[in-house]
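Read top to bottom, the protein sequences are chains A and B. The first sequence begins at 1 in the numbering used here and counts up one residue at a time. The second sequence begins at 1001 in the numbering used here and counts up one residue at a time.
These are calculated hints, taken from the structure and not from any lab test. This one's a predicted model, so the numbers in the text were calculated from it and none came from an experiment. It is possible that part of the hints are untrue.
As the list claims (entries may be wrong) - Straight line, CA to CA, 20 angstroms or less: simulated SDA-like cross-link-like pairs of lysine to any residue: (1) 1164/B / 1029/B; (2) 10/A / 1088/B; (3) 90/A / 171/A; (4) 1164/B / 161/A; (5) 1164/B / 132/A; (6) 1164/B / 1006/B; (7) 23/A / 199/A; (8) 1164/B / 63/A; (9) 1164/B / 1200/B; (10) 10/A / 1199/B; (11) 1164/B / 1175/B; (12) 90/A / 1029/B; (13) 90/A / 1001/B; (14) 1164/B / 10/A; (15) 1016/B / 1164/B; (16) 1164/B / 1088/B; (17) 90/A / 1003/B.
Said to hold, decoys possible - Quick list of simulated restraints, FRET-style, between CB atoms: (18) 216/A / 1145/B: 35 to 43 angstroms; (19) 1141/B / 187/A: 19 to 27 angstroms; (20) 135/A / 1053/B: 22 to 30 angstroms; (21) 6/A / 1023/B: 38 to 46 angstroms.
Yeah, the Cβ is synthetic: ideal placement off N, Cα and C, and Gly gets one too.
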Amino acid sequence: MERFVDTFFKPSILASTWPAIAKGMLVTIEIAVLVVITGLALGLALAVLRTLRNRLLDFVIIIFIDFFRAIPPLVAVLLIYFGLPNVGIKIPSFAVLWLVLSLVLAAFAEEIFWAGILSVRRGQWEAARSTGLGAGQTLAFVVLPQAIRLAVPPLTNRTIAIIKNTALGTVIGVPEIINNATTAVSFLGNATPLMMGAIAYLILFAPIVALGSFIERRFAWRR
Amino acid sequence: MQAIVQQFFNFGIMAKALPLVLTGLRTTLLICLVVIPLGLSGGVLVAAISLSRNAPFRRITRLLVDLFRALPPLVLLIMVYSGLPFIGIRLTPLAAVSIAFFLNNSSYYGEIFRAGIESVPSGQWEAARSTGLSATQTFLFVVLPQAVRNVLPDLVSNTIEVVKLTSLASVVSMPEMLYSADMARSLTFNASPIVLAAAIYLAILWPAVRLVSRLEHAVAR
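Chain B on its own, in the form it takes in the complex:
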């Protein structure tokens, strides 16, 4: 018992690791700020294309979505980070993370937005068009807001997954929170810094997880 406390809940070591872990947290937040808006806008684009009437374009998009959903995000990241240099494209870790997660996240967000858009009755389209709004205006101002409301739990839930995904950036030596905590672990031979990082993830994401449960039960009823 003593050993477990010593190894996982050593507050002295946590206090020493805190500044490093907090620096990592800033990088984690930076990644989130880049990756979440990119994924959301990519997702809207993917949904708009997969519902468009342009058949070849639509099929290619569907194929890409299935492709990027079949590859584990870590594999996508490793391919972008260590594969592209072979054709002379050397990316910074942040660029690699942004590209890999953009491909993965737009596919997931895209599927969610598509389900949302399909849930809006076609009468809404027709009514909006008949008032003189253009197709683009109808999509942006009439259909999309209703679609978002219908799939809000899924959007929040996927965003939680994206925040958790940022921990993969540690694999390409991006000094985000998990990377910093793991560095502190290897310096101190003690797992407490990782427990500290886990606690910070929990503090950030636990309210969101509760919110999703709330939203899901509210929709189910």
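Excised from the complex, chain A in its bound form:
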């Protein structure tokens, strides 16, 4: 038992390593928040563009979302991180991770928002237009509120799954939780930082996962 504690929860290491883990948590939170904002905004914008029903535009958007739904995020991360510097574009690893995860989230969000928009009945469009609202107004004030409401449950779980990919940052040296933890493990030859890293993730994500399940049940909307 004592050996177990010494290997996985050594008090002296807990005390000396927690600032590094805490810093990693901040980096993880920063990237996650940025990804959620840009990913969802871009996804919603693309879904709105699809209401224009422009064939060429639709085609480009579908290629984009299919690409990012089919490619492992780590492939895109390595591609951008190692490829761009060689063509003269210097981009920090933090930004690479943010960019890739935003695009992945945008791809999934677009699909979910678009499905939401499609499931708003035609009559809603027609009724709103007949009251004198313009097409843009109908979209913004009548259709989107209903579509977004429908999109919330599937979107929440997808978003959570994608922001957990912030851990991929460790592969390209973003100083997030698991990166700082594994650095400390190899430096100290002790597994305590690894456990601290896992606990840090649980502190961040367990409430969000619980919230996701709650929202999924609460928002389930039967028309």
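Following the hints, complete the assembly by docking chain B onto the known chain A.
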């Protein structure tokens, strides 16, 4: 423009990297063959337990499911691969990948199967039991097939995620497709091998992604 083509779409380098990347693809497929059946059967088990009447067992399972869904798969993998040696358990990369992904995937598949099973009306249970089928037979032959049909889009979609997940095995030096492509990249100082790997992932997964879109819209209607 020339530089971009040179750096990302250098067909000469792709042709040279192709054999290595294809060897990697075989390992990727091997991982899929191990991990997907493990995850599916683990998921059925998790769903069966979380709907069972045994309260303590059920609560522990729910707790574990929430735990493994809160940890990023990469973190789970690193914990299994570099944490277990500290208590004397040294695993091969494939074993580590199988265990870590089993824990993660059974949780996700489990939630999907649970939703599917809950969507089957209880009259089906009662009718099946009243014909003389046992509880296990009812579950396997009456409820589960209907449950699977109801959540098919989610099952396919999660399986796509699992295939994409196998790329994480590169982090524990398992020579799967991304690992091989990245090795070719570091040898040639050129990103084209990774573009090649991306193209192969796309060729495998794009039809599945299309299928999911189809299925989702079919269910929505």
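Here is how each hint holds up against the structure:
At roughly 11 angstroms between alpha-carbon atoms, residue 1164/B and residue 1029/B fall within 20 angstroms of each other, so this suggested pair holds. Restraint check for residue 10/A and residue 1088/B: the C-alpha separation of about 17 angstroms stays at or below 20 angstroms, so the hint holds. For the proposed pair residue 90/A and residue 171/A, the alpha carbon gap of about 18 angstroms is at most 20 angstroms, so the pair holds. A C-alpha spacing of about 13 angstroms is found between residue 1164/B and residue 161/A, which places the hinted pair at or below 20 angstroms, so the restraint holds.
Our distance criterion of 20 angstroms between C-alpha atoms is broken by residue 1164/B and residue 132/A, whose separation comes to about 48 angstroms. At roughly 27 angstroms between alpha-carbon atoms, residue 1164/B and residue 1006/B are farther apart than 20 angstroms, so this suggested pair is violated. Taking the CA atoms of residue 23/A and residue 199/A, the gap is about 14 angstroms. The hint holds against a cut of 20 angstroms. The hinted pair formed by residue 1164/B and residue 63/A meets the criterion: a straight-line CA distance of about 18 angstroms does not exceed 20 angstroms.
Taken as a hint, the residue 1164/B and residue 1200/B pair is honoured in the structure, with Cα atoms around 12 angstroms apart against an allowance of 20 angstroms. Taking the CA atoms of residue 10/A and residue 1199/B, the gap is about 46 angstroms. The hint is violated against a cut of 20 angstroms. With a CA separation close to 15 angstroms, the supplied pair residue 1164/B and residue 1175/B stays within the 20 angstroms bound. Of the pairs offered as hints, the one joining residue 90/A and residue 1029/B is violated, with about 35 angstroms between alpha carbons and a cut-off of 20 angstroms exceeded.
Under the criterion of a C-alpha separation no larger than 20 angstroms, the hint pairing residue 90/A with residue 1001/B is consistent with the structure, at around 16 angstroms. Proximity of residue 1164/B to residue 10/A is assessed by CA-CA distance (about 36 angstroms); at most 20 angstroms being required, the pair is judged violated. For the proposed pair residue 1016/B and residue 1164/B, the alpha carbon gap of about 24 angstroms is over 20 angstroms, so the pair is violated. For the hint linking residue 1164/B to residue 1088/B, the alpha-carbon distance of about 30 angstroms lies beyond 20 angstroms, and the restraint is violated.
Annotation: proposed proximity of residue 90/A to residue 1003/B holds, straight-line Cα distance about 14 angstroms (limit 20 angstroms). For the hinted restraint 35 to 43 angstroms between residue 216/A and residue 1145/B, the CB-CB distance of approximately 24 angstroms leaves it violated. For residue 1141/B and residue 187/A, the hinted distance range of 19 to 27 angstroms is not satisfied, since their beta carbons lie about 56 angstroms from each other. Taking 22 to 30 angstroms as the suggested C-beta distance range, the pair residue 135/A and residue 1053/B does not conform, at roughly 55 angstroms.
Hint check: residue 6/A to residue 1023/B, Cβ distance near 42 angstroms, so the stated range 38 to 46 angstroms holds.
Taken one by one, the earlier hints fail for this structure at numbers 5, 6, 10, 12, 14, 15, 16, 18, 19 and 20, listed in ascending order.
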